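Undergrad: Work out the full structure, taking the sequences as your base and the hints as a guide.
The residues making up each chain are set out below.
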Amino acid sequence: MSKKLLVATCAAAAVVAVVGGLGARADEFTKQDLERWEKEYMTVVQKGRELWTSPKLGTNGVACAQCHPNAANTHPETYPKFQKQLGRVATLREMINWCLQQPLQGKPLALDDPQMVAIEAYVAYERRGVPMAPGKH
Amino acid sequence: MTEYAYRRRDFLKGAGAAAVSTLPLSMVELAFADPRENFTFAYISDSHIQHIKDAKFVHNWDRGLIRAVAETNLLTPKPDFVVFGGDLAQLGTKAELDHGAEMLSKLRYKTYCVMGEHDYYLDLGEYWSKLFGPQHYSFDHKGVHFVVLNSVLTYDEWTYNRWPSAEQRMLEMAGLDNPNGSPFMVGEKQREWLRKDLEPVDKTTPLVIFSHSPIQKIYKGWNFWTEDAEEVQTLLKPFPRTNVIYGHVHQIQYNQVDNIAFHSVMATAWPWPYPQSYAQAAQHLPKLTVLMNRADPFFERDATGWQFIAVGTGRVAMEYNLYNNTNRRVALNPATGLPEDTAFQDPARQIPPQIHY
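Here the protein sequences come in this chain order: A and B. According to the numbering used here, the residues represented by the first sequence are 1472 to 1608, in order. According to the numbering used here, the residues represented by the second sequence are 760 to 1116, in order.
No lab work stands behind these hints, which were simulated from the structure alone. Quick caveat, the model's predicted, so the values are computed rather than measured. Ideal Cβ positions, reconstructed from N, Cα and C, are used throughout, including at glycine. Keep in mind that a hint or two might mislead.
[To be verified] Restraint ranges, calculated between C-beta atoms of paired labels, are given here:
(1) B/V1016 to A/E1506: 43 to 49 Å
(2) A/R1507 to B/N1083: 46 to 52 Å
(3) B/E916 to A/T1530: 32 to 38 Å
(4) A/G1600 to B/E958: 49 to 55 Å
(5) A/E1506 to B/E989: 41 to 47 Å
(6) A/H1608 to B/Y868: 36 to 42 Å
(7) A/H1608 to B/R954: 35 to 41 Å
(8) B/E916 to A/D1584: 37 to 43 Å
(9) B/E951 to A/E1506: 49 to 55 Å
(10) A/D1583 to B/E916: 33 to 39 Å
(11) A/E1511 to B/P1112: 36 to 42 Å
(12) A/R1507 to B/P893: 44 to 50 Å
(13) B/A1038 to A/E1506: 21 to 27 Å
[As the list claims (entries may be wrong)] 25 Å max Cα-Cα, derived SDA-like pairs, lysine to any residue:
(14) A/K1552 to B/P1112
(15) B/K979 to A/A1595
(16) B/K962 to B/Y978
(17) B/K812 to B/Y886
(18) A/K1578 to B/K812
(19) A/K1510 to B/N937
(20) A/K1607 to A/F1553
(21) B/K979 to A/R1599
(22) B/K812 to A/K1510
(23) A/K1552 to B/N1052
(24) B/K976 to B/Y886
(25) A/K1552 to B/K979
(26) A/K1510 to A/K1578
(27) A/K1607 to B/T852
[To be verified] Computed from the model, here is a short list of chain A residues facing chain B with C-beta under 10 Å:
(28) Q1537
(29) L1557
(30) R1599
(31) G1600
(32) K1607
TA: See the structure below:
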């Protein structure tokens, strides 16, 4: 969500709170809130899936999904972990950038780039239900 | 030492120590009662030559095929022939098929080609057939009947009516995990051809079937699957020594279903995850299979390779020639009557990289 939109949303929420005569309660949210948040997340997951299958993410037409159908063999639940090829503990986003630069012959993304967030969201979504296992090989 | 192991040693001696120790061999051996009848052929598959633009192709995939061809040419003893197992191209274009055919033309052996879905769905195999000939056929070699199937056909509605352009149809089928794809099949017409082709063949003749997709049902989501697998298997039933060799899966798989031994081959381009690595779907990888090592992407050719196959007992003996890993050998174990890895079948001997999750 952009900063501008976020400000607008907050302002709208404040107006609703004032008009409704209710104090906004930080620890309370509704079923509608949950549905909206899920929708926001799935929108980003969908964007991630589009990037995952896009021949335009790198420079040589190769897509992430060519080697990782359904983002399989990416093991997001194991990060951060010691990456023997780098000789240090690395994060999933670093490994995504490694793939962007090597097999896809592209440029790395900033770690907070919305595209990076979308890719990570998609990878994690495909791995839902698998227990966290940081450091696992 | 079993007779089988003795033959294996003989074979290695014949192959020459240098070739065995330095080349990633994935040769197929068909073994017969009379060792003089033994022969070998090589199997290269799934090169996915991918056009970027103009004269540029994806370097990584090019190197995989170039290496397989070069190593196959260095084999001693010479294989009787080579099979290319399909998916020569990524999107079936003339540029990709021509570039791939040029690389294959360096092979110094008679080469048989199998159709893959990446070769087929742009023009339904028209240009491929111009380069390589018929899409299904059979031949006999030293007492073995070989059959090549086009197993990547699908429902007519999907092929002919669903997509606004040939390019889109190709793209939809090219995405392995694309839910808009469609299950592979041999189809009624080709099954009828197969039935007729097998009719005059003596039932004691060893059969070797080459197909791109597995003629068994492993995981539909990635088309590790042939929709009419059972119908094809039924046609093969009368032949006690039947072998099916397939590509498409980019990984080591082997299985036995009644009379049929199944063996997959490696890709030269890139490895695929085993279906159990996808946490959201059930799959049926053959329990017999000892998995290949997990790939290390920092080695561009890791978990790719080609195979050297010997045909001696009438059963395929598969030597996986792996570029950055210890070679694997899967052959009939006469004690169990099943294809087994000659080093790793015993769970106690399996190693951590063979665990996929």
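Undergrad: Could you run down the list of hints and mark each one as holding or not?
TA: Status of each hint after checking the structure:
no. : hint                           : in the structure
1   : B/V1016 to A/E1506: 43 to 49 Å : 47 Å, holds
2   : A/R1507 to B/N1083: 46 to 52 Å : 48 Å, holds
3   : B/E916 to A/T1530: 32 to 38 Å  : 37 Å, holds
4   : A/G1600 to B/E958: 49 to 55 Å  : 51 Å, holds
5   : A/E1506 to B/E989: 41 to 47 Å  : 44 Å, holds
6   : A/H1608 to B/Y868: 36 to 42 Å  : 41 Å, holds
7   : A/H1608 to B/R954: 35 to 41 Å  : 50 Å, violated
8   : B/E916 to A/D1584: 37 to 43 Å  : 41 Å, holds
9   : B/E951 to A/E1506: 49 to 55 Å  : 54 Å, holds
10  : A/D1583 to B/E916: 33 to 39 Å  : 46 Å, violated
11  : A/E1511 to B/P1112: 36 to 42 Å : 39 Å, holds
12  : A/R1507 to B/P893: 44 to 50 Å  : 58 Å, violated
13  : B/A1038 to A/E1506: 21 to 27 Å : 24 Å, holds
14  : A/K1552 to B/P1112             : 16 Å, holds
15  : B/K979 to A/A1595              : 22 Å, holds
16  : B/K962 to B/Y978               : 31 Å, violated
17  : B/K812 to B/Y886               : 19 Å, holds
18  : A/K1578 to B/K812              : 19 Å, holds
19  : A/K1510 to B/N937              : 22 Å, holds
20  : A/K1607 to A/F1553             : 9 Å, holds
21  : B/K979 to A/R1599              : 20 Å, holds
22  : B/K812 to A/K1510              : 38 Å, violated
23  : A/K1552 to B/N1052             : 19 Å, holds
24  : B/K976 to B/Y886               : 29 Å, violated
25  : A/K1552 to B/K979              : 32 Å, violated
26  : A/K1510 to A/K1578             : 30 Å, violated
27  : A/K1607 to B/T852              : 42 Å, violated
28  : Q1537                          : 7 Å, holds
29  : L1557                          : 9 Å, holds
30  : R1599                          : 7 Å, holds
31  : G1600                          : 6 Å, holds
32  : K1607                          : 8 Å, holds
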